[in-house]
Amino acid sequence: MFTIKETFEKTPNMMREVYCDTLMAMAKDNEDIVVLDSDLISSSGMKPFFKAYPDRAIQCGVAEANMIGIASGLSAMGKVPFAHSFGCFASRRVVDQIMISAAYAQQNVRILGTDPGVTAAYNGGTHMPFEDMGVLRSIPEITLIEFTDPVMVENIVRQLAGLRGVYYLRMARKNVIGIYGEGSTFDIGKANMLADGKDVSIIASGIMVAEALKAADLLKADGVSARVVDMFTWKPVDAEMVEHCAKTTGAIVTAENHNIIGGLGSAVAEAAVQKCPVPVEMVGVKDRFGQVGTEDFLRAEYNLTAAAIVEAAKKAISRK
Amino acid sequence: MDLIKETKDLGVIAETIRLLTLETLGNLGFGHVGGAMSIVETLAVLYSGELKCDPSNPGWEQRDRLVMSKGHAGPALYATLALRGYFPKEMLVELNQGGGRLPSHCDMNKTPGVDMTTGSLGQGISSAIGIALGARLNKADNTTYLVMGDGELDEGQVWEGVMFASHHKLGGLIAFVDWNKQQLDGYTEDVMKLGNIEDKFKSFGWQAVTVNGHDPKAIKAAVEAAKAIKDVPSAIILDTKKGYGCNFAEDVEANHHMNFTKEQMDGAIEVQKKRLEEAKQAANNGKGV
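If you're matching them up, the sequences are chains S and F in order. For the first sequence, the numbering used here begins at 1 and goes up steadily by one. For the second sequence, the numbering used here begins at 321 and goes up steadily by one.
Bound-form chain S, shown alone (with noise of 0.2 Å):
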């Protein structure tokens, strides 16, 4: 069960700050929890685990596909692996080592790839992906969870120690803008509808879900009634919110932090045409590479606004 904030603003701690602390509690009654990194502690904020278990701490400097086969090899030892990279080289990178030593040899391992999209900001077109979630997601069996905030990155990493197979969880770093009420749970492969709408449903993921709940404000002063879902888990993708919010309102617009292709547009609108085809427009990166600038730059750079959000909702409905 979820509850959501009143008002929706930058909330004090950093997802990594969250992410760090709950491993570190859960690591205290769970002697099993392995984390590993690629020379990049100092970004994810792993820097007190690695102080406080060192034993369970991995560093494997900067080779990626290293550290994925051996949290395959920790996972076949009955451990619980979490590594991180950046989003561009936990994924890209390593889609081999992902798909045979984990995914197709069936071991139970934890991705975590940080610094998704524009979050990338400075690191440019070399760091800033867009193609994560979409490299990924034609791995049999593998779920793809993009965290909203940091109250779901405490929940569902806590799940997570519990759970066999892959995970791939694309996170934004540092402040993002909080959603949901401390306490919330959530239900890897169920959508949370946030608000409810009659004339359009959109469906987001990351920090597109502020800019959609921004945008239902906007079309509301327009008269248009907007549904807006957080699509956290990308795969599987949650095919029933998907088939209902096509038979009540008729039309859908997505929006990711990430390229369109192969992205939460691709899995929605796979769903919807073999559920109930209706219009789906997309708002996302536009099949385009990364560049350096601010993220507020780079948002307005790739059209990843509350604005763009209502301008493909009024062109879903017109296509009704």
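The set of hints was computed from the structure by calculation and includes no laboratory data. Fair warning: there could be bad hints in the mix.
List of simulated lysine to aspartate or glutamate pairs, DMTMM-like, C-alpha gap at most 25 Å [stated by the list, open to error]: (1) F:K489 with S:E6; (2) F:K550 with S:D32; (3) S:K198 with S:E6; (4) F:K430 with S:D96; (5) S:K28 with F:E381; (6) F:K459 with S:D55; (7) F:K430 with S:D39; (8) F:K489 with S:D39; (9) F:K459 with S:E31.
Distance ranges between label pairs, derived from CB positions [unchecked claim]: (10) S:A307 with F:D474: 46 to 54 Å; (11) S:P48 with F:V529: 36 to 44 Å; (12) F:D474 with S:D29: 41 to 49 Å; (13) S:D96 with F:E326: 39 to 47 Å; (14) S:G78 with F:P432: 14 to 22 Å; (15) F:E326 with S:R92: 31 to 39 Å.
If you want the footprint, here are the derived chain F segments under chain S, 3+ residues with CB under 8 Å [claimed, not checked]: (16) 447 to 458; (17) 472 to 485.
Each residue gets a CB set at the ideal place from its N, CA and C atoms; glycine is no exception.
Once you've looked at the hints, dock chain F against the given chain S.
Leaving out everything else, chain F in the frame of chain S:
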């Protein structure tokens, strides 16, 4: 039935594995003959006592693990596991059969006794490192064995793992390199020069030794020496011949994956049966291994 346990002579065990591997491949008419033949003696040494295992309980938590990173050597490993009683020899006909339990490359979820899924070259070292680290975290005094091909050393991930294992003082890891000098496209010397493999491992901080990979006694001695070293990983470079003992594969250039006729395989099996008889006679005459 655990045939290896009943036979003490390493030469007899090796030639028995080789014969059964040929018979297994013979059912198909094609397969990874070369790399299966070259690793037979090492499997004989490991599964006759060096590797702690219990065929009646393949998932035994206290067992030593083997990562066959050159996953295409599956047929030799399957023959060994069958001889040890992990599964009946009759199951070997499932090799490469749709829906069967013996895929071309090793799969831990399909075959009893296989400890890691492999086949994408270069990845086994990392899995083996994870297993060795896991054993260390569990405070278990296990040895983790890794078998890599020489062509596999072309993969960059191998050297990521080699660097890691010495940095993290993984004494419980013993890596074999099947230095059979041939890879899929030809001789390693022509495809990608490997230089001095032993020196390379040493330069990364490993203990390393090169032995005759078709001499079980030499392999056994190297394994026991490696086990005695506690905080440094060990590499045993196996000087081998690809296709060793299979008369239509040995000294043939394209012997990585081969098609062969029934007559070719029948001939090879006849030769191999003689080799096994010779090994048995040597053992009976006190000249065994």
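Now for the hints, and whether the structure bears them out:
{"no.": "1", "hint": "F:K489 with S:E6", "result": "violated (53 Å)"}
{"no.": "2", "hint": "F:K550 with S:D32", "result": "holds (24 Å)"}
{"no.": "3", "hint": "S:K198 with S:E6", "result": "holds (22 Å)"}
{"no.": "4", "hint": "F:K430 with S:D96", "result": "holds (20 Å)"}
{"no.": "5", "hint": "S:K28 with F:E381", "result": "holds (24 Å)"}
{"no.": "6", "hint": "F:K459 with S:D55", "result": "holds (12 Å)"}
{"no.": "7", "hint": "F:K430 with S:D39", "result": "violated (36 Å)"}
{"no.": "8", "hint": "F:K489 with S:D39", "result": "holds (19 Å)"}
{"no.": "9", "hint": "F:K459 with S:E31", "result": "holds (12 Å)"}
{"no.": "10", "hint": "S:A307 with F:D474: 46 to 54 Å", "result": "holds (52 Å)"}
{"no.": "11", "hint": "S:P48 with F:V529: 36 to 44 Å", "result": "holds (42 Å)"}
{"no.": "12", "hint": "F:D474 with S:D29: 41 to 49 Å", "result": "holds (44 Å)"}
{"no.": "13", "hint": "S:D96 with F:E326: 39 to 47 Å", "result": "holds (42 Å)"}
{"no.": "14", "hint": "S:G78 with F:P432: 14 to 22 Å", "result": "holds (19 Å)"}
{"no.": "15", "hint": "F:E326 with S:R92: 31 to 39 Å", "result": "violated (52 Å)"}
{"no.": "16", "hint": "447 to 458", "result": "holds (count 11)"}
{"no.": "17", "hint": "472 to 485", "result": "holds (count 6)"}
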